[in-house]
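Chemist: Sequence:
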Amino acid sequence: MTKTEISALYRAYIACLNAQDWPTLGQFVHDEASHNGRRIGLSGYREMLERDFREIPDLQFTIQLLVADPPHVASRLGFDCTPKGQFLGLPVNGRRVSFTENVFYEFRDGKIATVWSVIDKAAIESQI
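Taking full-length UniProt numbering, the leading residue of the sequence shown gets 1, the next gets one more, and so forth.
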């Protein structure tokens, strides 16, 4: 996969998330996916995302930075949203917060197989 191809695939994946198009998620995420060192598979990955959208109804993923070096993608995602209750153990409770997430992906067989993610929790703490 070229840099252009993997970047386009990643952008389509983000569009899938924002549309909450869960039946299509398997086109982008490997059946044996892992997240932060924990193997959760496609079903666990989908459950994680569905939970995120339940807890944050206005969740939208915005790509701020994208670097592709196949089979890897690095992305800085921006969020401006209102989590309903606790978020990352913080009492956000419906307040609007803005924060970023730095994510590294490894693709295998044209799909996301490994994800390493770090959310800027300090940014949220400073807003509540």
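Some clues are possibly wrong.
What the hints assert, rightly or not - Computed cross-link-like contacts, DMTMM-like style, restricted to lysine to aspartate or glutamate with a CA-CA straight-line distance of at most 20 Å:
| hint | residue 1 | residue 2 |
| --- | --- | --- |
| 1 | 84 | 106 |
| 2 | 121 | 80 |
| 3 | 111 | 55 |
| 4 | 121 | 55 |
| 5 | 121 | 21 |
| 6 | 111 | 5 |
| 7 | 84 | 109 |
| 8 | 84 | 52 |
Said to hold, decoys possible - Cβ-Cβ distance ranges computed for the label pairs, FRET-style:
| hint | residue 1 | residue 2 | range |
| --- | --- | --- | --- |
| 9 | 86 | 2 | 39 to 49 Å |
| 10 | 36 | 65 | 30 to 40 Å |
| 11 | 126 | 39 | 26 to 36 Å |
Worth flagging that the hints you see were computed from the coordinates, not collected in a lab. Just so it is clear, CB atoms sit at the ideal spot from N, CA and C, and this is done for glycine as well.
Chemist: Each of the hints needs a verdict: does it hold here or not?
Modeler: Okay, the hints, checked on the actual structure:
Taken as a hint, the residue 84 and residue 106 pair is broken in the structure, with Cα atoms around 31 Å apart against an allowance of 20 Å. At most 20 Å may separate the alpha-carbon atoms for a hinted pair to count; residue 121 and residue 80 meet this at roughly 13 Å. In summary, the hint linking residue 111 to residue 55 is not supported, as the alpha carbons are separated by about 26 Å, beyond the 20 Å threshold. Proximity of residue 121 to residue 55 is assessed by CA-CA distance (about 16 Å); at most 20 Å being required, the pair is judged to hold.
With a C-alpha separation of about 27 Å, the suggested pair residue 121 and residue 21 falls outside the 20 Å cut-off, and the hint is violated. Distance check on the hinted pair: residue 111 and residue 5 sit about 12 Å apart at the alpha-carbon level, within 20 Å; holds. For the hint linking residue 84 to residue 109, the alpha-carbon distance of about 37 Å lies beyond 20 Å, and the restraint is violated. Restraint check for residue 84 and residue 52: satisfied, since their Cα atoms lie roughly 10 Å apart, inside the 20 Å limit.
Separation of residue 86 from residue 2 is about 42 Å and conforms to the stated range, judged on CB atoms against 39 to 49 Å. At about 20 Å, the beta-carbon gap between residue 36 and residue 65 misses the expected band of 30 to 40 Å. The hint said 26 to 36 Å for the Cβ distance between residue 126 and residue 39, and at roughly 34 Å that hint holds.
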